[in-house]
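Residue numbers (the working numbering), protein chains in the order written: chain A, 1 to 334; chain B, 335 to 464; chain C, 465 to 1005.
Misleading hints may appear alongside valid ones.
Derived DSBU-like pairs: lysine-lysine, alpha-carbon spacing no greater than 30 Å straight-line [stated by the list, open to error]: (1) A:K52 x C:K604; (2) C:K936 x A:K118; (3) A:K228 x B:K338; (4) C:K604 x A:K276.
If you want the footprint, here are the derived chain A segments under chain C, 3+ residues with CB under 8 Å [said to hold, decoys possible]: (5) 165-179; (6) 240-252; (7) 301-308.
Computed from the model, here is a short list of chain A residues facing chain C with C-beta under 7 Å [to be verified]: (8) R162; (9) T288; (10) K333.
Derived by calculation from the structure, the hints in this document are not laboratory data. Quantities reported herein were computed from a predicted structural model and do not represent experimental measurements. Quick reminder that beta carbons are idealized off the backbone N, C-alpha and C, glycines included.
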Amino acid sequence: MSFMPSFLISLAAVAVLFGIGYGGAAAGAGAVIGIYVPYAALLVFLGGLVWKVADWANSPVPFRIPTTSGQQKSLDWIRRDPIDSPFTKGEVVLRMALEVLFFRSLLKNTKTQLHHGKPAYATDLWLWLAAIIFHYSMLVVLLRHLRLFLAETPFFVTAIERADGFMQVGVPVFYATSIGILLGLLWLLSRRILNPLVRYISLPNDYFPLLLLLGIAGSGFCLRYIDKTDIVAVKELTVGLASFSPAADAIANINPLFFGHLFLVAILFAYFPFSKLMHLAGVFLSPTRNLANNSRAERHINPWNPKVKMHTYDEYEDDFRDLMKEVGLPVEKE
Amino acid sequence: MSDKGKIFLGLIVFIVAVTYPMWGGVFAKTPAPDVQLPDGKCIESRDYMVANHMNMLDEWRDKFVREGEEIYIASDGTEHAISLTKTCMKSGCHDNKTEFCDKCHTYADVDPYCWDCHVAPDQVAPKGGN
Amino acid sequence: MAKFDEMAFYDHKEMTNISYAPPATPWMDTPVQFRPGSYIYPGKARHLEYLGLPNAREWEVTENDWKLQDNWKQIILEGMADRLQRFRSFKLFMDICVRCGACADKCHFFIGGGDPKNMPVLRAELLRSIYRKNFTAMGKVMGKIAGGRPLTIDVIKEWFYYFFQCTECRRCSVFCPYGIDTAEITIMGRELLGLLGIYVNWIIEPAANCFRTGNHLGIQPHTMKDIFDDFATDIEDITGISLDIPFNKKGAEVLFVTPSGDIFAEPGIYTAMGYCLFFNEIGLDYTWSTYASEGGNFGLFTSNEVMKRLNSKIYAEAQRLGVKYIIGGECGHMWRVLHQYMDTMNGPADFLETPKNPITGTVFEHAKSTKMIHIMEFMADLIKNGKMPPVDKSRNDDCVVTFHDSCNPARGMGIFEEPRYVLRHVCNNFVEMPENTIREQTFCCGGGAGLGTDENMEMRLRGGLPRGAAVKHVQDEHGVNRLSCMCAIDRATLHTVCEYWAHGVEVCGITELVANAMICKGEKKREINMRFQPLPGAEQE
Chain A
1 MSFMPSFLIS LAAVAVLFGI GYGGAAAGAG AVIGIYVPYA ALLVFLGGLV
51 WKVADWANSP VPFRIPTTSG QQKSLDWIRR DPIDSPFTKG EVVLRMALEV
101 LFFRSLLKNT KTQLHHGKPA YATDLWLWLA AIIFHYSMLV VLLRHLRLFL
151 AETPFFVTAI ERADGFMQVG VPVFYATSIG ILLGLLWLLS RRILNPLVRY
201 ISLPNDYFPL LLLLGIAGSG FCLRYIDKTD IVAVKELTVG LASFSPAADA
251 IANINPLFFG HLFLVAILFA YFPFSKLMHL AGVFLSPTRN LANNSRAERH
301 INPWNPKVKM HTYDEYEDDF RDLMKEVGLP VEKE
Chain B
335 MSDKGKIFLG LIVFIVAVTY PMWGGVFAKT PAPDVQLPDG KCIESRDYMV
385 ANHMNMLDEW RDKFVREGEE IYIASDGTEH AISLTKTCMK SGCHDNKTEF
435 CDKCHTYADV DPYCWDCHVA PDQVAPKGGN
Chain C
465 MAKFDEMAFY DHKEMTNISY APPATPWMDT PVQFRPGSYI YPGKARHLEY
515 LGLPNAREWE VTENDWKLQD NWKQIILEGM ADRLQRFRSF KLFMDICVRC
565 GACADKCHFF IGGGDPKNMP VLRAELLRSI YRKNFTAMGK VMGKIAGGRP
615 LTIDVIKEWF YYFFQCTECR RCSVFCPYGI DTAEITIMGR ELLGLLGIYV
665 NWIIEPAANC FRTGNHLGIQ PHTMKDIFDD FATDIEDITG ISLDIPFNKK
715 GAEVLFVTPS GDIFAEPGIY TAMGYCLFFN EIGLDYTWST YASEGGNFGL
765 FTSNEVMKRL NSKIYAEAQR LGVKYIIGGE CGHMWRVLHQ YMDTMNGPAD
815 FLETPKNPIT GTVFEHAKST KMIHIMEFMA DLIKNGKMPP VDKSRNDDCV
865 VTFHDSCNPA RGMGIFEEPR YVLRHVCNNF VEMPENTIRE QTFCCGGGAG
915 LGTDENMEMR LRGGLPRGAA VKHVQDEHGV NRLSCMCAID RATLHTVCEY
965 WAHGVEVCGI TELVANAMIC KGEKKREINM RFQPLPGAEQ E
């Protein structure tokens, strides 16, 4: 599918979904969108994620195939690379931690350009930067939302809010991650659209989650800074959800925009296990990263190691015995 | 290679983390604030005030301190003095910070900096003044 | 007039006029076009039959009818389901790609050709689109909108074209934030094609040969003996040393295994002769084998089963001969198999001992399970301990040497320092190529994974462009005239790459340079190197 239909389908899907949430609440179905849908979405999310990861886990890793990007362990006096060629479990954990927390492989990214037919390679960190800004903003935004789910806000959430609002501008205080998440997403979306190669490989599966997240972050931004709502009523609803005693009477006091926001979040949760967003869990399981480069020191077991037809030495000697004897090669049977 | 145990453990950790909102508040059930509203009418509608009072106060501060304006004309045309303590918190309205402001702010984890400068009427020593 | 399988056919200007702009039609709607020079001939029926592989028949790539089984769709889908169950890598890599594009410009075929389906991500999408359509709920329900597409004969043809335009070099996997390894995708793709009897002859013939004769080239034992007798004669001509080259010797301490490509053609034979001279000089009790006369393993490019079948001979022969451990020569994919697969497939090798250098006493603990070490590890240990025979580096002074990290030892093993240490010990002039083209970022020769045949000349040259350009760079900057590498496929394919992209640079193995420099006990006054060329300074005397 080419760019336009892919993009427009995704955009339309997000717009319609937002409309369902917003319009549904405005038309009096706030309880459905505010209570039933979130529970259903959470169930699908957790169930789907567990099912998907279990499905991955059910397939064994027959061979130990780490991508070695650094010096192996061989002779003691050769300085080895414990991160890019991990030998011990601890080193693997370190490699994985750097991968998960800092997107280390992306940090190696280069850009290839041709100069008169000669390729030249330059470090290219824009993708890494956009990814880091988006993912960490997202994490902070998620953690900040805990204040709406826990009746007594935990100290660390308050601390995060303080740090995030370090600029101390605006009322309510403006959070760096409010703009960070939007900028990161817009950046990722625009490179997807503007870079001809990335546009060429992009599917609706790529535009939809980006636009969905943009819809969520955008509506959240509006709710906090522009078209505000009764946050205490929202918290009554969300705390009620979290404590399994939904506060349906709070719904009437809440801006329908909130339900547009909430519905998109529910869709994101429900969509998550069936999409590329599963890279969240998958990154931990990648056999090229999470295995030690110690294949020659410790035997890796393949549970389905197949029985195959071999060509044994005896069969070989039967084929060539006379020729071997002619040139004086030793044989087993004369 | 059998790593199902590790994967299972990872899943458990993930589920525990994701459901934190559901178990994190089990032992600390603070009820939603039950705010006593004074009799009479506020300068704007309840809904508007609930969502936007912080912006109104923010604008008031700028108007009063920086532009010298002293009067706010509400949407129904009535005029009100621009003053936190003399309008909003005057006696008979929201004169009790602890019972009115703090209840929601604490619940929603909001930490406004009004009180860096202002002193709430209910927290002033009787003979003080500001 | 040159033909498409000759490099003179390809004009330099045209070959460097590369556009990275994708075509106007979406990739799912852009059918593959088989252009002479860019695909490999089908596997001959007799080789498939010898290996017992399915659907053995004669067919042509450019014919409309590929003579597949009637139920080929079912075979592919069942094959996919089976492999999804057996390989977590496959299942995971089908699911988690986010199409960020970080891999896009990392593939040598894309850099040198600009075909968007040579971007690793799109190569994987060729398979992923079928996976989504048939194995995911989203794809089943939403089809194209969820990135799925139906399995048609055109998809199979596209797979054939692009899975044989990937050298499984793993360069893309270094950059992927999730470690998605296109080599795994290509391996799966080729296994699936194999179920329909779709192989290329350049791979399946060596695989069949290896199964029968013990080596890819089909060299029979008596011929092999003859070749080595010639080596011995040549070595005597060069050094004055007459040596005995042990074969199938029971009770030897070490079995030595190396790719047969090196005993067959220049410039690999100089390296093979180097091994003989080196082992003789240090007095190692070792043996070659005619049965396990192949280190390389074209099974890796066929299926994991065939890989196991070919590889099994190494341990079997080690056991039969009663050696203590195994040393492997300079080869690329051979070391991927030995390092990451052999022990798992054909181990445990509990009849062998942990490798121990009898001269230095060093125990190679890192190989305590597989019991096989790389000759560069062995040599580096000798040098470090001062037990290497004395060397006269100046004998290599006619060479300004650079080193090509071969894909598999680099990204599937991590052997970077040992060869450099040995190189610096035996030659005075060593320079590195630019940093984005060496070590873990090294570029493929363009002909690995069974693609190094002349009918594939255009793709070899295109795929060789990034490596060739890097060689050209050091040739212009530092006067490099020798590209050393430790891979037999490299020695065959880089010769072409250099001739085209960096004319004047010759290719060699490291052991060849070692053999040149090594001062042997009782040697005559050396006047020529292993290539029978005069040593530097020899002419003047």
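Hint by hint, here is what the structure shows:
1. A:K52 x C:K604: Given that 30 Å is the threshold and the Cα spacing comes to 17 Å, the pair holds.
2. C:K936 x A:K118: Distance of about 10 Å is within 30 Å: holds.
3. A:K228 x B:K338: It is violated: about 47 Å lies between the C-alpha atoms, which goes past 30 Å.
4. C:K604 x A:K276: Holds - the C-alpha atoms of K276 (chain A) and K604 (chain C) are around 16 Å apart, at most 30 Å.
5. 165-179: violated (count 0)
6. 240-252: It is violated: at least three residues are needed, and the stretch 240-252 of chain A offers just 0 whose Cβ sits closer than 8 Å to chain C.
7. 301-308: holds (count 6)
8. R162: violated (31 Å)
9. T288: Holds. Min distance 4 Å.
10. K333: violated (13 Å)
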